[in-house]
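What follows is the residue order along each chain.
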Amino acid sequence: MCLAIPGRVEQITEGDVRMGRVNFGGVVKNVCLDYVPEVVVGDYTIVHVGFALSRIDEKTALETLDLFEKMGALEEELAGEEEIFARAASAQPSPCPDGSCEPSAEDVRSVDQAGRPVSK
Amino acid sequence: MADGSSTPDFSNWSCPLPLADYPTIVMGHGGGGKLGNELVEHLFLPAFRNPALENLGDAAVFELNSGRLAMSTDSFVVQPLFFPGGSIGALAINGTVNDLAVSGAEPKFLSASFILEEGFPLSQLAAIVRAMADAAATAGVRIVTGDTKVVERGHGDGCYINTAGVGVLRPGVNVGPHRAQAGDAILVSGTIGDHGMAIMSVREGLEFESQIRSDCAALNGLIADVLDAVGTGVHAMRDPTRGGLASTLNEIAASSKVGMEIDEARLPIRTEVQSACELLGLDPVYVANEGKAVFFVAAESVDQALAALRAHPLGADAARIGHVTAQHPGMIVARTGMGANRVIAPQIGEQLPRIC
Amino acid sequence: MKYLTEFRNGEVAQRMAREIHQVTTRPWRIMEVCGGQTHSIIRNGIDQMLPAGIEMIHGPGCPVCVTPLQLIDKALAIAAQPGVIFCSFGDMLRVPGTERDLFQVKGSGGDVRIVYSPLDAVELAVKNPHKQVVFFGVGFETTAPANAMSVHLAKRRGLKNFSVLVSHVLVPPAIEALMSSPGNKVQAFLAAGHVCSVMGFWEYPPLVEKYRIPIVVTGFEPLDLLDGIRRAVIQLEKGEYRVENAYERIVTYKGNLPAQKLLAEVFEVTDRAWRGIGVIPKSGWRLSEPYREFDAEERFHITGIHTEESPICMSGAVLLGAIKPAECPAFGKECTPRHPLGATMVSSEGACAAYYNYGRFLSAEDLAHAGAALTGAMNG
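Protein chains in written order, with our numbering: chain U, 1 to 120; chain Z, 1001 to 1356; chain Y, 2001 to 2380.
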């Protein structure tokens, strides 16, 4: 249920079904774009069994990669126990530490890489 | 034409009329009578022209230097018959040439037998024969005897070919699948997965557009260069055809009772081949090759072997991919791009495309 | 490949793994739901990179593995019929039915064809008007939009010779079934990123609240998996539980609305039997009334199916994460990819197949040390 790979849309044909030529690292296939009406030529999209399922947000992709690159960079060795506890102690407190709150759907937020909530 | 065939020029055939009346294969072509003879006279002979063949005896008669001989046979049933970078004809010659070459022999003479389906277009047969002639000329071998049979429509896939070949073993060379030793380096002559993905690209239900071409090629020249450079430094060689690099490594590991360690980052793979594998969920190490060789070389001979490979046009992308170890005999362990390990297991049946 | 290769950077992966080591103070058990994630973890050795206390439990997200045996046997019966072109994804070809598999049916003369997309099957129906084309519509929510479109197009074009054998299963009910089964040890979930690209992740907050477990929407490449695991561990260490999206470049909260719209039109929710697990209520999709004519089970009326699972197969326990494949007594002995007893050993993303093919009859630790000499030798 999972093998979906990113490809670049090179050409779109509107018709009975919206189809596009999508280039996956040099391999080109005709893909159904009916489910991604917002995708235009030049966009990247994720394709599963010949169907584009989502546009790839390139800005987000690059930001994510950037954050990954920065991980683990400063620490050369595994931190000792004290450091781990200190880090845990100084971390962002939970909005509802005892788990008794009833969040609404809007309360479900994305969190950034440090675990801090960001608004949608 | 899209199927690789071209219409033969019947005008200079000495009996053009009867052949031109039969643009497709009929049962009579396999019967040994007039129709069959015409195929030989006007198609096979002109293409494969050499003295041993032209006697048209029941057997080819030729001389070989004394010494040890090697013989190999293979049948070719690929579909489609023509694919990017090659055809069943090229495969039929190069496949047998390569089996002899990786045994340490210089290939000399081949037989070629055809099983044709009634209704098979002569123009396609002519194109296949032309490809065989070209491949034989490039490899420096001669097709000295052959046979044609025809089966009823519906009982064959158009064209099956069997080739058998004889070669002379190079003196002093002693290679075999049981001879890989701990400490040997594992070299591959170039990029893997090209042939299998070229076939996939034109396979019904899975086709895709790409520049991927089969690597189908005769390896005897390349292998001769390596043997010239390091001689007995080569312990084992094989061409990783069906089942890909993975199958070859596992077969030799089992024969030689050794383990192997591979560095995945060093496997030479064309970007497009990798992309096509991602698309279909295939692992390149299990994908067929038709113009590559794997060498198990004594550690002290690696540099010369690599230099010899890279100096040859077919070996430009040659790489050292791992080594043989006494640990975990029979098991191939690969270091992944993550720096973790995984086993390259023997393949069970044909690798199938997947969606999950 | 752009937006794929970068997420396989080994050096960055090592550093991300180090981050996980640094934030982990206690053992945790995390389940990755999707079989594709299991495959990636085992294939890339991600579990070898984690701190010893983090245990990845492999989930039931392998639609091939959970397709009921009875449906497989029906598929085999249909595929063997003359006049039928049976189309399937490659994954299904070697899944064992009671007596044989699709590959063997093909070998006996059945017209069984592998397709990349369900649209290829529709094309075959158009090109072969005198044959019945049947498509094996297996999958989770990721594959459902493609299958839905194929049926929708067949209806629009008035095709009379196209039908689908439907075996669609849903992730959230599976998570629910897992969490409420006794002996469940899962403390956090990595939700299936591509399922969520279709469905969004609005279905997960109620689960998070009910069971008080972190759920992190996670991708499939090594860096994505490491990030998902990292986020899950951070929540667990803090005693938090909420839904996080670690696959933001592709997944949104609401998901793919055009796809959900067509899914609602073509499918309706139904109870489904999961092979090895049992019936999970409201855990599957079947064709809705307006599309029922395209249901292959109704069109072909196969009867007389007598199913029989191997008595020693423990696929169900593997799928629920109760045991690891190597803990099954039959693993590697009576049950191998060549002679599979159950679907988890033959599906490309089944946990048993992944363990066997990537060498996990060795322990993860032994495997990690197997290549120790590699670096030294290669630099020679």
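Be aware that one or more of the hints could be misleading.
The calculated BS3-like cross-link candidates involving lysine-lysine, where the alpha carbons are at most 27 Å apart (straight line), are [said to hold, decoys possible]:
| no. | chain 1 | residue 1 | chain 2 | residue 2 |
| --- | --- | --- | --- | --- |
| 1 | Y | Lys-2238 | Y | Lys-2261 |
| 2 | Y | Lys-2127 | Y | Lys-2106 |
| 3 | Y | Lys-2160 | Y | Lys-2131 |
| 4 | Y | Lys-2210 | Y | Lys-2185 |
| 5 | Y | Lys-2210 | Y | Lys-2106 |
| 6 | Y | Lys-2160 | U | Lys-70 |
| 7 | U | Lys-59 | Y | Lys-2254 |
| 8 | Y | Lys-2210 | Y | Lys-2238 |
| 9 | Y | Lys-2155 | Y | Lys-2282 |
| 10 | Y | Lys-2254 | Y | Lys-2002 |
| 11 | U | Lys-59 | Y | Lys-2155 |
| 12 | U | Lys-70 | Y | Lys-2131 |
| 13 | Y | Lys-2160 | Y | Lys-2106 |
| 14 | Y | Lys-2185 | Y | Lys-2160 |
| 15 | Y | Lys-2282 | Z | Lys-1257 |
Derived from the structure by calculation, the hints contain no laboratory data. As the structure is a computational prediction, the values presented were derived from the model and not from experiment.
Hint check:
1. Y:Lys-2238 to Y:Lys-2261: The hint is violated at about 38 Å.
2. Y:Lys-2127 to Y:Lys-2106: Holds - the C-alpha atoms of Y:Lys-2106 and Y:Lys-2127 are around 20 Å apart, at most 27 Å.
3. Y:Lys-2160 to Y:Lys-2131: holds (10 Å)
4. Y:Lys-2210 to Y:Lys-2185: holds (16 Å)
5. Y:Lys-2210 to Y:Lys-2106: With a Cα-Cα distance of about 47 Å, the restraint between Y:Lys-2210 and Y:Lys-2106 is violated, given a limit of 27 Å.
6. Y:Lys-2160 to U:Lys-70: violated (57 Å)
7. U:Lys-59 to Y:Lys-2254: holds (19 Å)
8. Y:Lys-2210 to Y:Lys-2238: Holds, at roughly 18 Å.
9. Y:Lys-2155 to Y:Lys-2282: Holds. Y:Lys-2155 to Y:Lys-2282 sits at ~26 Å (cutoff 27 Å).
10. Y:Lys-2254 to Y:Lys-2002: holds (26 Å)
11. U:Lys-59 to Y:Lys-2155: It is violated: about 39 Å lies between the C-alpha atoms, which goes past 27 Å.
12. U:Lys-70 to Y:Lys-2131: It is violated: about 58 Å lies between the C-alpha atoms, which goes past 27 Å.
13. Y:Lys-2160 to Y:Lys-2106: holds (24 Å)
14. Y:Lys-2185 to Y:Lys-2160: Not OK: Y:Lys-2185 and Y:Lys-2160 at ~49 Å, beyond 27 Å, violated.
15. Y:Lys-2282 to Z:Lys-1257: Roughly 53 Å between the alpha carbons, so the hint for Y:Lys-2282 and Z:Lys-1257 is violated.
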